[in-house]
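Order-wise, the sequence lines are chains E and G.
Residue numbers for the first sequence follow my numbering, beginning at 1 and rising by one.
Residue numbers for the second sequence follow my numbering, beginning at 1 and rising by one.
Among these hints, one or two may not hold up.
Unchecked claim - With a straight-line Cα cutoff of 25 Å, these simulated DSS-like cross-link-like pairs (lysine-lysine) come out:
#, chain 1, residue 1, chain 2, residue 2
1, E, Lys-51, G, Lys-60
2, G, Lys-60, E, Lys-282
3, E, Lys-33, E, Lys-95
4, G, Lys-29, G, Lys-140
5, E, Lys-210, E, Lys-44
6, G, Lys-51, G, Lys-98
7, G, Lys-33, E, Lys-60
8, G, Lys-98, G, Lys-44
9, E, Lys-5, E, Lys-29
10, E, Lys-186, E, Lys-210
11, E, Lys-51, G, Lys-210
12, E, Lys-60, G, Lys-282
13, E, Lys-282, G, Lys-282
14, G, Lys-186, G, Lys-26
15, E, Lys-282, G, Lys-51
16, E, Lys-51, G, Lys-51
17, G, Lys-33, G, Lys-186
18, E, Lys-282, E, Lys-26
19, G, Lys-60, G, Lys-5
20, E, Lys-51, E, Lys-98
21, G, Lys-140, G, Lys-5
22, E, Lys-60, G, Lys-140
23, E, Lys-140, E, Lys-5
24, G, Lys-51, G, Lys-29
25, G, Lys-44, E, Lys-26
26, E, Lys-140, E, Lys-29
27, E, Lys-140, E, Lys-100
28, G, Lys-51, G, Lys-140
29, E, Lys-5, E, Lys-33
30, E, Lys-60, E, Lys-5
Unchecked claim - For each label pair, taking beta carbons as the anchor points, the in silico distance ranges come out as:
#, chain 1, residue 1, chain 2, residue 2, range
31, G, Glu-97, E, Gly-283, 21 to 31 Å
32, G, Gly-283, E, Arg-66, 24 to 34 Å
33, G, Pro-248, E, Gly-228, 47 to 57 Å
34, E, Glu-182, G, Lys-140, 57 to 67 Å
35, E, Gly-283, G, Leu-79, 53 to 63 Å
36, E, Glu-182, G, Gly-96, 50 to 60 Å
37, G, Arg-57, E, Glu-182, 29 to 39 Å
38, E, Gln-2, G, Lys-140, 51 to 61 Å
39, G, Arg-57, E, Ala-74, 29 to 39 Å
40, G, Ala-266, E, Arg-224, 51 to 61 Å
In short, the hints are calculated from the structure, not lab data.
We put the CB at the ideal spot given by N, CA and C, even for glycine.
2 protein chains.
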Amino acid sequence: MQVLKNILIVGGTHGNELTGVKLIEKWEKRSEKIRDLCPSAQVKLLLANPKAVLLGRRYKDRDLNRSFSEDSLASAESLYETQRAQEINTLYGEKGEKTKTDFIFDIHNTESNMGFCLILSARDPFAMRASAELTHEFPKTRIYFQPEPRAASPYLGTIAKADICLETGPQSHGTIQAEIFETTEKILRRYLELAELWNQGTLQSMPLRKVDVYTQFRDVDFIRDAAGSIRTMIHPALQNRDFEELRPGMPLFRTFDGEDIPYEGAQSVFPIFINEAAYYEKGIAMSLTLKTEELW
Amino acid sequence: MQVLKNILIVGGTHGNELTGVKLIEKWEKRSEKIRDLCPSAQVKLLLANPKAVLLGRRYKDRDLNRSFSEDSLASAESLYETQRAQEINTLYGEKGEKTKTDFIFDIHNTESNMGFCLILSARDPFAMRASAELTHEFPKTRIYFQPEPRAASPYLGTIAKADICLETGPQSHGTIQAEIFETTEKILRRYLELAELWNQGTLQSMPLRKVDVYTQFRDVDFIRDAAGSIRTMIHPALQNRDFEELRPGMPLFRTFDGEDIPYEGAQSVFPIFINEAAYYEKGIAMSLTLKTEELW
């Protein structure tokens, strides 16, 4: 059994996602309240992108949460986030087997109707067990499995041995909602309690839980013109329907002239990150997932 | 009776408010479809802030929709939006009695739960009559009366003799929602039909309508620390409750430690623009209005 000796909780990886920013600010004032939940581990706090927080923007020069691939960490590029990622990697990594950090919780917000989405980048035993418990304790929590080749992955969490990315929403970037703030805090606190149970060997002996696992399938972009301008919108019947079934033939997009465009895949999928503003520039109108029931 | 000879429809005054951007783009391709709705007037279309549209941001250097006061229009400042405002004023103004434009419709989005909000900056007879009709024809339309001293007012609409600003939401900035797009288009088309009826003298003889008028009362900021950082959030019972009654003693804010802060005004108010991201920098957590029933 692998004990979690070093845990890092991260907020403000994107400067305009205020739930994490405000949670880190709050906890830094009285960090013993957080540390007491998991006394068997070193629990550290990190505001990842302070310059973007000051600007009130997702990032200054480039997306920090796309700057942690091994290539980017070795890059001589002078962009702020490239440098900041390397600094964070030196402090809390370095990325790879010998990293100083066993587990990262990275707190994000989305404008999509994702509820409290627990993103696993690997089938890590603690991440699976703890997340399975949480989906039975908190409404609107869901598990998204987005397997990442760790060395090439650009995400901050991948500098630790394992990680959970919390995506909570819908919340417009640059704003904060009390209900999302308070529930995210409860979920994080519960994760730390479960980490303590894990380190004591208790969590491992609790009965497994049935969970719905939404696994990354593929991203879908808007239909665009030659200049890259969008020519379709999310179909109104699909807006806000994250994690709901989309069957072949159901409406996917609508054009500005009112024409409906159906989903033409061969099988049912479960779209998430529907109409997230930050993904327009990444060419993603939504991510499609496949749903399975598993025992975790 | 004053005939509306020149009408200007504006989108993209804020570059990340996509409903207006996409409506102007759509109509520019087949402008006769719009012009045919009000053949007695010259109907023009304007994408107000193309640089901000390209950047996908509210503005480049400063808020264009705060750049139309007489002082700002006379300023020698080299900021992009200051210059662009002066250019727009030359083309479609100039602001004052002799302006070339009788009426402006300016299309905006908000992240607040405002539905389809019709903002009048003056008690203009056509704006009142037409908006009163619209509130009876379209659900979720509401009238907000925000009286502006025309010369000092910084809003784009004030370079015309009269104007309506459409604020539609909730829609996250940088995204577009099909339902909001389609309803905004219907409302604009109907306004043009009503302008035609006005120019024919028909609208004036139709029976007056009872309307709820929400009149600007005062803005409320978050409680902040000395550095300007917010120390409160919108109370969860108030989030998304735009245009609903807030009575003295009802919860207004919640701190990050879970303490509730009540509204301590002397009278009932009706908050709008609750938790709009673009207003954090302007020191506005919401705008309070007073509600009256009037015959328009």
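Here's how the hints hold up against the structure:
1. For the suggested pair Lys-51/E and Lys-60/G, the alpha carbons sit about 19 Å apart, so the restraint of at most 25 Å is met.
2. For the hint linking Lys-60/G to Lys-282/E, the alpha-carbon distance of about 21 Å falls within 25 Å, and the restraint holds.
3. Between Lys-33/E and Lys-95/E, the direct Cα distance comes to roughly 29 Å. Violation of the 25 Å bound is thereby established for this hinted pair.
4. With a C-alpha separation of about 29 Å, the suggested pair Lys-29/G and Lys-140/G falls outside the 25 Å cut-off, and the hint is violated.
5. A threshold of 25 Å between alpha carbons decides the hint, and for Lys-210/E with Lys-44/E the separation of about 31 Å lies outside it, so the pair is violated.
6. Restraint check: the Cα-Cα separation between Lys-51/G and Lys-98/G comes to about 29 Å, which exceeds 25 Å; the hinted pair is violated.
7. Of the pairs offered as hints, the one joining Lys-33/G and Lys-60/E is violated, with about 42 Å between alpha carbons and a cut-off of 25 Å exceeded.
8. For the suggested pair Lys-98/G and Lys-44/G, the alpha carbons sit about 18 Å apart, so the restraint of at most 25 Å is met.
9. A distance of roughly 22 Å separates the Cα atoms of Lys-5/E and Lys-29/E; the hinted pair therefore holds under the 25 Å criterion.
10. For the given pair, Lys-186/E sits about 22 Å from Lys-210/E by alpha-carbon distance, which is consistent with the 25 Å threshold.
11. Proximity of Lys-51/E to Lys-210/G is assessed by CA-CA distance (about 51 Å); at most 25 Å being required, the pair is judged violated.
12. Note on Lys-60/E and Lys-282/G: the hinted pairing holds, with a Cα-Cα distance of about 21 Å set against a maximum of 25 Å.
13. Restraint check for Lys-282/E and Lys-282/G: the C-alpha separation of about 29 Å exceeds 25 Å, so the hint is violated.
14. Between Lys-186/G and Lys-26/G the CA atoms are separated by roughly 13 Å; this keeps the pair inside 25 Å, and the hint holds.
15. For the proposed pair Lys-282/E and Lys-51/G, the alpha carbon gap of about 20 Å is at most 25 Å, so the pair holds.
16. Between the alpha carbons of Lys-51/E and Lys-51/G the distance comes to roughly 24 Å, so the proposed pair stays at or under 25 Å and holds.
17. The suggested pairing of Lys-33/G with Lys-186/G holds, with an alpha-carbon distance near 13 Å, which does not exceed 25 Å.
18. Annotation: proposed proximity of Lys-282/E to Lys-26/E is violated, straight-line Cα distance about 32 Å (limit 25 Å).
19. Taking the CA atoms of Lys-60/G and Lys-5/G, the gap is about 33 Å. The hint is violated against a cut of 25 Å.
20. As the CA atoms of Lys-51/E and Lys-98/E are separated by approximately 29 Å, the hinted pair breaks the 25 Å bound.
21. With a C-alpha separation of about 30 Å, the suggested pair Lys-140/G and Lys-5/G falls outside the 25 Å cut-off, and the hint is violated.
22. Of the pairs offered as hints, the one joining Lys-60/E and Lys-140/G is violated, with about 38 Å between alpha carbons and a cut-off of 25 Å exceeded.
23. Restraint check for Lys-140/E and Lys-5/E: the C-alpha separation of about 30 Å exceeds 25 Å, so the hint is violated.
24. At most 25 Å may separate the alpha-carbon atoms for a hinted pair to count; Lys-51/G and Lys-29/G meet this at roughly 20 Å.
25. Restraint check: the Cα-Cα separation between Lys-44/G and Lys-26/E comes to about 51 Å, which exceeds 25 Å; the hinted pair is violated.
26. Restraint check: the Cα-Cα separation between Lys-140/E and Lys-29/E comes to about 29 Å, which exceeds 25 Å; the hinted pair is violated.
27. Our distance criterion of 25 Å between C-alpha atoms is broken by Lys-140/E and Lys-100/E, whose separation comes to about 33 Å.
28. Distance restraint check for Lys-51/G and Lys-140/G: the Cα-Cα separation of roughly 32 Å exceeds the 25 Å cut-off, and the hinted pair is therefore not satisfied.
29. A threshold of 25 Å between alpha carbons decides the hint, and for Lys-5/E with Lys-33/E the separation of about 18 Å falls inside it, so the pair holds.
30. Our distance criterion of 25 Å between C-alpha atoms is broken by Lys-60/E and Lys-5/E, whose separation comes to about 33 Å.
31. Restraint check, Glu-97/G to Gly-283/E: a C-beta distance of roughly 50 Å breaks the suggested window 21 to 31 Å.
32. Taking 24 to 34 Å as the suggested C-beta distance range, the pair Gly-283/G and Arg-66/E conforms, at roughly 33 Å.
33. Distance hint check for Pro-248/G and Gly-228/E: the Cβ-Cβ separation is about 52 Å, which falls inside the suggested range of 47 to 57 Å.
34. Take Glu-182/E and Lys-140/G: their Cβ atoms lie about 29 Å apart, and the range 57 to 67 Å is violated.
35. Separation of Gly-283/E from Leu-79/G is about 32 Å and departs from the stated range, judged on CB atoms against 53 to 63 Å.
36. The hint said 50 to 60 Å for the Cβ distance between Glu-182/E and Gly-96/G, and at roughly 51 Å that hint holds.
37. Remark: the range hint 29 to 39 Å for Arg-57/G to Glu-182/E is upheld by a beta-carbon distance near 30 Å.
38. The beta-carbon spacing between Gln-2/E and Lys-140/G, approximately 54 Å, falls within the hinted interval of 51 to 61 Å.
39. For Arg-57/G and Ala-74/E, the Cβ-Cβ distance of about 32 Å falls inside the hinted range of 29 to 39 Å, so the restraint holds.
40. Range check, Ala-266/G to Arg-224/E: Cβ separation about 54 Å, and the 51 to 61 Å hint holds.
Hint check: violations occur at hints 3, 4, 5, 6, 7, 11, 13, 18, 19, 20, 21, 22, 23, 25, 26, 27, 28, 30, 31, 34 and 35; the rest are consistent with the structure.
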